[in-house]
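Chains as they are written, first to last, in numbering that gives the first Met the number 0: chain A, 0 to 743; chain B, 0 to 743.
Worth double-checking, as some hints may not be accurate.
Since the list can't tell identical chains apart, any single copy or any two copies may satisfy a pair.
EDC-like, lysine to aspartate or glutamate: derived pairs with alpha carbons at most 20 Å apart [said to hold, decoys possible]:
{"no.": "1", "residue 1": "LYS179", "residue 2": "ASP362"}
{"no.": "2", "residue 1": "LYS179", "residue 2": "ASP341"}
{"no.": "3", "residue 1": "LYS531", "residue 2": "ASP265"}
{"no.": "4", "residue 1": "LYS179", "residue 2": "GLU211"}
{"no.": "5", "residue 1": "LYS127", "residue 2": "ASP397"}
{"no.": "6", "residue 1": "LYS528", "residue 2": "ASP489"}
If you're looking for bench data, these hints aren't it; they were derived computationally from the structure.
Protein chains: 2
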Amino acid sequence: MGGTEQRGRFYRRCLTIYGLATMSLAASCSVAATSDRGLLAGEVSEVAAGVWRIRFGNPERFVPTSFRERDPRIVSINALTDPGTLPFSLEDIRCHRLSGRLAVYVPCDEPQDEIYGFGLDPRVYRQKGYRKWLTLSAGVVGETGASHGPVPFYVSTKGYGVWVDTARVPFVHVARLTPKASLMGSAENQAGDLKTSVSELYAAQKASGKPEVVFDIPAATGVDVYVFGGPTLRQAVQRYNLFSGGGCIPPMWGLGLKYRTYTQGDHKTVMNVAETLRRQHVPCDVIGLEPGWQTNAYSCSLVWSDQRFPNHQDVVDRLRGMGYQINLWEHAYIHPSSPLFDSLKSRSGDFLVWGGLVVDFVDPKAFDLYSQYHDAEFIQHGISGFKADECDRQPITDSTPFNYPYCSIFPSGIDGEQMTQLYGYLYQRSIYTAFKKHNLRTWGDVRATASLSAPLPFNLYSDAYEQGEYLRQLLNASFTGLLWSPEVRDAPTLDEFLTRLGIAAFAPQTCLNIWSIPNPIWTQFDAEKNKKNLLLPEDEQQEVIAKVRELLNLRMSLLPYFYSAFYRYRYEGLPPARALPIEYPQDTKVRAVEDAYLFGDNLLVAPILGNKDTRKVYLPAGNDWWDFYTNTRYPGGTEQQIQTSPGRVPLFVRDNCILPLAKPVEHVADDTVFEITARVYGDEPASFTLFEDDGVSFDYEKGRFNRVTLSWRNGKGNVERTGSFHPHRCQIVAWDKIAPGSSQ
Amino acid sequence: MGGTEQRGRFYRRCLTIYGLATMSLAASCSVAATSDRGLLAGEVSEVAAGVWRIRFGNPERFVPTSFRERDPRIVSINALTDPGTLPFSLEDIRCHRLSGRLAVYVPCDEPQDEIYGFGLDPRVYRQKGYRKWLTLSAGVVGETGASHGPVPFYVSTKGYGVWVDTARVPFVHVARLTPKASLMGSAENQAGDLKTSVSELYAAQKASGKPEVVFDIPAATGVDVYVFGGPTLRQAVQRYNLFSGGGCIPPMWGLGLKYRTYTQGDHKTVMNVAETLRRQHVPCDVIGLEPGWQTNAYSCSLVWSDQRFPNHQDVVDRLRGMGYQINLWEHAYIHPSSPLFDSLKSRSGDFLVWGGLVVDFVDPKAFDLYSQYHDAEFIQHGISGFKADECDRQPITDSTPFNYPYCSIFPSGIDGEQMTQLYGYLYQRSIYTAFKKHNLRTWGDVRATASLSAPLPFNLYSDAYEQGEYLRQLLNASFTGLLWSPEVRDAPTLDEFLTRLGIAAFAPQTCLNIWSIPNPIWTQFDAEKNKKNLLLPEDEQQEVIAKVRELLNLRMSLLPYFYSAFYRYRYEGLPPARALPIEYPQDTKVRAVEDAYLFGDNLLVAPILGNKDTRKVYLPAGNDWWDFYTNTRYPGGTEQQIQTSPGRVPLFVRDNCILPLAKPVEHVADDTVFEITARVYGDEPASFTLFEDDGVSFDYEKGRFNRVTLSWRNGKGNVERTGSFHPHRCQIVAWDKIAPGSSQ
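The following block holds chain A by itself, in its conformation from the complex (with noise of 0.2 Å):
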């Protein structure tokens, strides 16, 4: 493979800066092509302040980078603390073309680093000594960070970021591999005694892995890696966010309950539980609709059902009337039934699923015909979002055939491979597209996306349901630009609901979906009975709900908290969730902490998994922390053993900060205000931004929002809106300075 010196060769180097209005990937000088096998040329370029792209060979044609919904948000890059230095050189990342593959070698770190990302990996959250199989997946395959978000991005605690521009399904071994040219001779430093059980000679093995990132490409010639610099993991996480365009900020009403309901009901059923969630006064903001509402699925005809729902307008309006958002089910595979099916027959894939069309959104027309369906039949008559079911691909250890054969054909000349990768993603910037031609925010659910995702407004979800798996998600999403709803759907019992909830009620979207039975979970847990309509005794009820309320009205009384964060994630790359590496990236403890993370700026949030009432939790060295309920307060860097009851997540504030805390609604209405209490933490709290805009449209890209930065000095509390919007969202009714121990 030859050394540093021979492979600088292969390179040639041209740095551009380049400025927003300029940014032009395509525009940066190209490479020769070659055909030849063996070690490719790789050509440098800094795309940004800190962001390398090296180009190796010719790349694809169909490839994250050519399908992004916004270009990179370079004046926030450029914005950031200067990058450092890499702990490599960029001339040690190699590519080697063999007949069918690239192989792509990215030099690592020294063991006591640990590396993470890779999407929305269910199993594994420290990735070194694993081998990554990034495909699209309904259900975990072992390790291999199958998925229904696989990402070719991860992060290294040295303070950096490593992204390959592709549609292929990689293999990644993750310090993993020996190379044959690490072998130094001495013979007598492996030999070892003889092993003689399987896991002994495994240990073995994983032991001796050596520190080399492989990237295995299926099918390209010709490949872009993409370096993102630190100097810490943090600021290599912002650099691929808004090298992605920064995040989505979704409606405030997002930010409420969605609360999905039976599949098999009618309007009835629907409007029931809309009128017992606003009678119980349980905050909800968006009502889902599954299946049922269409005339077919599977697959869809998207085309309202007239036997349950006789008069869905007048449905749709009379929601709206209460408040509600309303989000509809759907799965982008088209049932011949349906009005989309004529014109998409031509441009769909070769295969049917569940005996509908595989939309070929790499097609301009096909892409514009989904959108303009959905606009014309349900944005411009009140629907709020959808939720794209089966996009994904089930699990290679699962035979039921839900997919498209990788060798799929479509028009566009896209393959199936590729299209697997993208096909969620890509319908979400179709749906995306019909919204902000309103210039209407929108808040989705989809069961498939790809890198680049972090400027749409959609919120991951799966059909699993482990908890350890949920929190895990969570957290591993927060590193690639992904946003998780780890949704609850049964519960045999409150407590479970409420452990459950619990999770929910601090993820990026808050979902309930009671598909399968008829009426709210809470009024009864025995999912039979609640078809029979056999609920709970009334003061029981009441008792449950009053649970489930509190669970909720803390969720609604952060949104104005967490919704600031969302502001962040746009124009900074910072995720409103956060895995602590991101937050504490020098906190050499926290890397293994895999049951907490930060919701918003301020907030660590350490859910209860199962039926236990009390875990340890470790919290990060570098300020102390408020028990959120007790305010007992903690010294950072020191593990705490916290007792707690069912719906009652722990949750501990950071020292010297300001929380701002609303009085919960029941859901967000265009001109709700929050009325909010700042809670002050510490003797010299930093100050704290809240957004407000409209909630709702796209002006806030145009500056029509407004900063309302609390801050305390000289033991009051000073209040500082800058900007123009009208009305204010926000007022600060009181002040709370938080004394030790003193009980909420």
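Dock chain B against chain A, hints included.
Showing chain B alone in chain A's frame:
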């Protein structure tokens, strides 16, 4: 995709019947290369009677036919019955080139027909409706067919077979995808009730599958597809095996017991087992040594351990003197301390496995070095065979790192994907070459093989231990030219040991792999006690040994019978053990039978799985069946409930046959003469032909064997011997006309 007429344009036909002498696929008329995407031209050649090759584009350089052990046995193929008419036209097989892969579409049959094959699939028997992912795998991956022997060959009960000559890892969608073209536009037919459970949804999807087999082959830009005619499934299997070069014939001793000894043991442990077996009169032909014989494993030094075997040649000589053959464990990853290391360092892959070199067997020099080393160091010193462990790949669901990546680089130009698929196969060829030089047969164990394996005298085995999978693998192996050895390792009780031994006793190889405990397993089933030499009391041992001996003696008595089955494998392509659809292609009821098979021509084996003492057996239609033990006679086409006991495997003899049973020997020596009783079943028994040869050399290839044909006419047995081999190995000492119902 166009109709048949349009596709016809893409085809050029060159009908050529090759004789054995002039057989050369490379010499067939070439097809113009095309770099275009889209439908590829197909060129049809008839390479032997009823074997057609369709060449699409330019096939890859590294495919199974590039590494044949033997030329196709054209003379035998041409001697088969007329292949009949294929149920589809060869022109209906299409191939489409996409950006990074090929799609090959093969028409399929009516729903009532079944498809079998794809190698050593552990989970699926009838293949329709499944997505196969034919990667080598050390463990089960759902129902994908990932296995120790993935083979892209299948046969249909319609009477034909299809094989794709590729060393890639294809997906094969077996009558599972719904082409868009199948849509007739009748929306009404497709509408259905709304589904409220995932299983309902999947069932609905499954039912819509249309009959086509789609091979999705990565990386390749051209490929050869072979079609094997029938007229029945039986002849399609024969044609494939004969195209592979015909089956192997093991050394006669290979059909006795192989006992693998304690890996941490030394010369004393080994000799103790060897002596104990002889003292106990338990038949055994082969002693296998596990990793501990080497100075280093894992990876392998391939050097005798002076510590455990201070005088290894003495051990070898003494074992040989006791009539044992010796088999040595290894894997083909070369440790730095190995004498082979230096010469293979530049002839190996760029990554290490277990810290050892991955041999580039495609490099003729590396192939020879490996072969010659085994010859000089072991074969010339009395070693009779080898076992290659770990030459497969960890399943995708398992993150333990015991393999090289698909993007591995080898000096010969083969890549890691192709090498993974071929490694075990090429290893076998390298070892076999060394034995052939000495005109010596061998009989080995291997954990990975590929297409065209029939000529290789190696048995597949695995680490898995589920009895249902063991049996299914035995059946599946028989469709695609593989041999399977369901080895017996541990067993907590005598009953379980006997049950497992019962399957092993009627497999191509009977192997006890007692690698984890020092004394014969039946002297103490408790591993910890066994290690401490706390054996069962002598009288208890004797009871146990009697049962073990009885089962093994039954196998030994069938040895000449079963040995003859391998002659049919060699010269007629009929596998020695056969799934029932091979033997009874016209009986539709056998198609679902996954728990019984033919052992040789005339014995139906119906193993008991688990701790049961009864089972149902379907006896194929077309002839009556005799219970081997009770001589009860059952009509064919019926299901019987059979009572049995542990270690007594239900066996049924085909009516109207002659079954030669030998007096069991404890091991096979060069001068062993089998004293045979010919059992006669039925009134008009077909003749049966035994084969006599030296049992160890390849002289039979030059005609140095006898056919000993047993027939029964007018109440009297006749022996007709043709051939000039001496001395005679089969001595017919008695004839036994079986009377119905007479107990053994």
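Now for the hints, and whether the structure bears them out:
1. LYS179 x ASP362: Cα proximity of LYS179 and ASP362: across copies only (18 Å, versus 45 Å in one copy).
2. LYS179 x ASP341: between (57 Å within a copy, 13 Å between copies)
3. LYS531 x ASP265: within (15 Å within a copy, 71 Å between copies)
4. LYS179 x GLU211: Only inside one copy: LYS179 and GLU211 sit 13 Å apart there, 44 Å across copies, limit 20 Å.
5. LYS127 x ASP397: between (27 Å within a copy, 15 Å between copies)
6. LYS528 x ASP489: within (13 Å within a copy, 49 Å between copies)
When the structure is compared with the earlier hints, no violation turns up for any of them.
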